[in-house]
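First to last, the sequence lines map onto chains A and B.
Those letters in the first sequence? Residues 97 to 170, per this note's numbering, in order.
Those letters in the second sequence? Residues 1019 to 1150, per this note's numbering, in order.
Among the hints, a few may not be true.
[To be verified] One side of the interface only, derived from the structure: several residues of chain B facing chain A at Cβ under 10 Å:
(1) D1028
(2) A1043
(3) G1045
(4) E1047
(5) V1048
(6) E1052
(7) A1059
(8) G1103
(9) R1104
(10) K1124
(11) V1141
Since the hints were made in silico from the structure, they are not lab data.
Cβ coordinates follow ideal geometry from the N, Cα and C atoms, glycine included.
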Amino acid sequence: MTEPTRRTSELTAYLSHELRNSLACIQQFGNILIDGLAGELSGEQREYVCIMLQNASKIRKVLDSALDGTPDPV
Amino acid sequence: MDRTKILVVDDNPTIRKGLSVRLQANGYEVLFAEDAISATAALVTERPDLMILDLGLPAGDGFVVMERLQRNDRLANIPVIVLTGRELACNRDRALQAGAAAFFQKPVDDGTLLFAIRKALDVSRGELRFDE
């Protein structure tokens, strides 16, 4: 493996790990709020958390496509 | 009747907390480990019914934990679900060959993870075959 290839591979691994962990936290706690596991939300609060989750989902699709070439979840 | 015990192994405390809330809400007892050494210790002392395992861990990665699990006859039938931020290439096939019942990249949908947990538990209890 050439040096530039190795560095690209390491960068991809780093980005995958860091971005996926952060995204997982956003999704986990967003869903916990939506499901009322931390108390009931008002209609407005629910709407805002849904917006947050929808955008997290968009980022996930970009990540899947950019880092692994797989647009669908495994 | 004792509740089903799930060992969550992840070095990220926020991930552990989020999984804990979700799993407890679904009736599971949740145990934690944050590295390969404490994961191995928890497997021996707590004998969980299932383990959710991250691959990128301090003190030896998730593959090391699975290798130790497979070498211990008393523990080898504990089902493992790998949940990782690592890339698919190399890691998925390697994890499944190492004995993982399922492999998911973070973030995983709650319903998908809970279904995989129920299926892996059914298989380990002899109520279902892997190919069903």
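Hints versus structure:
Here the hint on B:D1028 is kept, as its CB sits about 9 Å from the closest CB of chain A, short of 10 Å. Below 10 Å, beta-carbon pairs count as interface contacts, and B:A1043 has one with chain A at about 5 Å; its hint therefore holds. Violation of the interface hint for B:G1045 is found here, the shortest Cβ-Cβ separation to chain A being roughly 13 Å, above the 10 Å cut-off. Among the interface hints, the one on B:E1047 is violated; its C-beta lies about 17 Å from the nearest C-beta in chain A, farther than the 10 Å criterion.
Interface hint status for B:V1048: violated, as the beta-carbon distance to the closest one in chain A is roughly 13 Å, over 10 Å. Hint status for B:E1052 relative to chain A: violated, with the closest Cβ pair at about 14 Å, above 10 Å. Because the beta carbon of B:A1059 sits about 24 Å from the nearest beta carbon in chain A, more than 10 Å, this interface hint is broken. A cut of 10 Å between beta carbons decides the hint on B:G1103: the least distance to chain A is about 4 Å, and the hint holds.
Proximity of B:R1104 to chain A holds as hinted, the smallest CB-CB distance being about 6 Å (cut-off 10 Å). Among the interface hints, the one on B:K1124 holds; its C-beta lies about 4 Å from the nearest C-beta in chain A, closer than the 10 Å criterion. A cut of 10 Å between beta carbons decides the hint on B:V1141: the least distance to chain A is about 19 Å, and the hint is violated.
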